[in-house]
Amino acid sequence: MSILVNKDTKVIVQGFTGKEGSFHAEQCLAYGTKIVGGVTPNKGGQTHLGQPVFNTVSEAVKTTGATVSMIFVPPAFVGDAVMEAAEAGIELAVIITEGAPVKDMQMAKAHATKHGMKTLGPNCPGIITADECKIGIMPGMIFKKGNVGLISKSGTLTYEGTNQVVKAGYGISTAVGIGGDPIIGLSYNQLLPMFEADPDTKCIVMIGEIGGDLEIQAAKLIKEQITKPVVAFIAGQTAPKGKTMGHAGAIVSGSAGTAKEKMDALEAVGVKVVVSPAEIGKAVKELLG
Amino acid sequence: MNIHEYQAKQIFAKYGVPTPKGIMVESVEAAVEAAQELGGPVWVVKAQIHAGGRGLGGGVKLAKSLEEVEALSNEILGMTLVTHQTDAAGKLVQKLYIEDGADIQDEFYLSVVLDRKLEMPLIMASTEGGMNIEDVAENTPEKIITIPVDPAIGFQGFHGRELAFGLGITDKAEQKKIISFAQKLFTLYMELDAEMIEINPLVRTGSGDFLALDGKMGFDNSALGRQPEILAMRDLTEEDADEVEAAKYGLSYVALDGEIGCMVNGAGLAMGTMDTINYMGGTPANFLDVGGSANAETVAKGFEIILKNPKVKAIFVNIFGGIVRCDRIANGIIEATKITDINVPVIVRLDGTNAPEASEILKNANIANLIVATDLGDGAAKSVAAAKGNN
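Going line by line, the protein sequences match chains A and B.
So the working numbering is basically just the index in the first sequence, starting at one, shifted up by 905.
So the working numbering is basically just the index in the second sequence, starting at one, shifted up by 1057.
Accuracy of the hints is not assured; some may be wrong.
To be verified - Only pairs whose alpha carbons sit at most 30 Å apart, straight line, appear in this in silico DSBU-like list of lysine-lysine:
| hint | chain 1 | residue 1 | chain 2 | residue 2 |
| --- | --- | --- | --- | --- |
| 1 | A | K1049 | A | K1146 |
| 2 | A | K1125 | B | K1174 |
| 3 | A | K1146 | B | K1174 |
| 4 | B | K1273 | A | K1187 |
| 5 | A | K1177 | B | K1174 |
| 6 | B | K1174 | A | K1019 |
| 7 | B | K1118 | B | K1273 |
| 8 | A | K1072 | B | K1420 |
| 9 | A | K1146 | B | K1118 |
| 10 | B | K1368 | A | K1165 |
| 11 | B | K1200 | A | K1125 |
| 12 | A | K1165 | B | K1174 |
| 13 | A | K1133 | B | K1174 |
| 14 | A | K1177 | A | K1072 |
| 15 | A | K1019 | B | K1241 |
| 16 | B | K1174 | A | K1128 |
| 17 | A | K1023 | B | K1273 |
| 18 | A | K1133 | A | K1107 |
| 19 | B | K1370 | A | K1146 |
| 20 | A | K1072 | A | K1190 |
| 21 | B | K1420 | A | K1146 |
| 22 | B | K1370 | A | K1165 |
| 23 | A | K1146 | B | K1305 |
| 24 | A | K1133 | A | K1049 |
| 25 | B | K1305 | A | K924 |
| 26 | B | K1365 | A | K1146 |
| 27 | A | K1165 | B | K1200 |
| 28 | B | K1152 | A | K1146 |
| 29 | A | K1146 | B | K1273 |
| 30 | A | K1146 | B | K1445 |
| 31 | A | K1049 | B | K1445 |
| 32 | A | K1165 | B | K1445 |
Since the hints were made in silico from the structure, they are not lab data.
Okay, chain A solo, but in the shape it has when bound (with noise of 0.2 Å):
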C-alpha cells in the first residue's frame, strides 16, 4: 500500500518531447514508473523513449488509459494544460513547472476541482512510492522503501528529510511534494487523511513553511483526524518580514505566516516539532521507538 501512486499508475507526460520533460521521463522510467505515452502538439504519432506521442491528452488518456499526467510544459502554458487534462479525464496532474502565473492557477484549479481531478504543485518535485512509482523530478536512489509517509512544500527539504529517516533506520512509504506557490492542489488537508488510512504508513512527517496558513489548518485537522504519529519542520524562523524568500508563497505578511505561529500551532495538537530539519530522525526514531 502507499498513497495516490503505486506500480501499477499508468502516467502520461505532457510536454513529453521538450528537454526537461525527455531528460526526467527517461529517470522516471529508469525508476520503474509506468509511463505509458506523452503528449506534445503536432508531434502526435511519433515514439519517443519507447513510448508513444498524442497531439492531445485526450487521444492519450483513450489509448493509453492513463490516469496521471506529469506536466513539464514551459510556465505560460501550465494553465492551458491543466485544464485540458481535467477535461480528458485524468485523475491526478502532477505540476512540476516552476513560474506559472499565478491567475492562469487559480483558474486551473478551479477548473481541476470542477471536473474531480486532483493537482499537485506547481513548482513541486512531484511524487514518489519507494520501488514503486516515482512521479517527479527527485533523486530516486535516496527512496528506501519503509513505512514513513511524508509531505513537504520544499523539493530539496524532501531530500533532507527522506535521507534522514533512511539514515535512522527507516524507509519511506509515499512522499509528496506539494509546492511553495500562492496557489497549490493538494495540501497537508487532503494528504494526511491517506496517510491515516494507509496500512503501511506508521508515521508521518510534514514540513512546511513560512507564508500562508495551510500549516496552521493542518493542526486543526491533526487535532480531530490524525491518530498516527507525525514529526514536523517548518522552513524560515529565521526570515525576514516582508520578503520573499525563494519560493513565491513563503513571505511573512504582519504577523501573519511566521514559522512560530505554524511551530506553536502544532506543538499544541501533540505534533513533535523540531527546530531545525538536522533533527528529522532523531524525531522519527524516537516516535516509532
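With chain A fixed as given, assemble chain B onto it according to the hints.
Okay, now just chain B, sitting in the frame of chain A:
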C-alpha cells in the same frame, strides 16, 4: 515586482479610475514648473519610493504656494526616508510626484489582493481610510469588509452593492461612482496580473466624487513575461543591488544581518539551513538559493556576492543534489577559488546526485580553508565554530 505611486496612477488613469492630476519630476525646477502647469491653488509634494508610511516619515507635504512647492521639493528630494516599511537605513528619494490638492470630505480604504485560502481575488474595503490597515484589522476587524470575486464570473453588480452598502454610501449617484471605481480596479487587477492593489486613502470629495489619493501596486513576477508595459516600469534603483545582480545568474539572494554566508540549493533547504545555523548558536548572513541549474559560473558568482558582505566570517555550502549535480557544484567551488579570493573558511556539505564524485574532486583540489561536512547538522556546527574562529 512593485511600482511607484505615480506609475500606479498612470495605470489607473488608463483604466478610467479617477485620480487627482499630477506630474512626476526629478528636480526642484521641474517641480515648480509642474506646479505651475497643474494650476493650484494647493499642491501635494510626494516622495516616490517603494514603501508605505511616507507621510509619517515626512515624505508627503502640502504646499499652498509655488514658493512652498520649491522649498518642500528642495527638502524632500534627496532626503533619505525611513518608514515602518523600509529598513533602518531608509530609502533615498530620487523622484517626486507633484499633485493637485483634493477637497477631502471622507477617507476610505480599498484594496484588491489574492486570498490564498479562497484561491481567488479579494476586495477589501474600510471606512477607516488613511490609517494603517494592519492596525484596523487588529483593533476593529468589524470595520473591514471583504468581498471575494470569482474570476470565472468577474465583478458583478452584487459585488458592487456589497461594497457600497458596506461602506455606508447611501446616495445613489455616489453608489454608482464607487461601484464603477471598484469594477475598473478589478478589471485592471486581472488584466495586468497584479498581485495587489492598495488605495489608502480613497477619498470622497465635497462634490461627491471618489478619487484614488494614493496608489500602491505589486505584480506577479511569474507573469511579467506577458506584461511588457508593466515590466518597463521596473525601477531597479528601488531594489537591492545585490539581489538584482544575483537574479541575473538565476540566484535568489536576500541579505541578512549575521556572520555565516549560506549557499544552498532549493528555497526550503536554504531557509532550513539558516534555521539550523541559528539553532546551533550562529547567525546567517544571507539567504541564497542557487536554483536547479547551478553550474561553476553561478556558484562562483554566489561566492562573489556573499563575500561582498564584510560581516561574513565563514561560508556554508549546503547542497542536496536532486536535479543539481554535486560534481558541478564542486567544480564551481574550485572555479570560485581561482577567480575570487576566498579569505574565510568554507564548509562544504554535498549529498545526493553524484556526491561521491564531488567529494573526490574536492579532495584532489586541495583547497586551503575548505572544511568537509558529513551532513546538515555537522556542517552547521562546523560553520558556527569557524565563524567564532574555532576551526
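Broken hints, numbered, in rising order? Going through the list in order, the structure violates hints 1, 4, 17, 21, 31 and respects the others.
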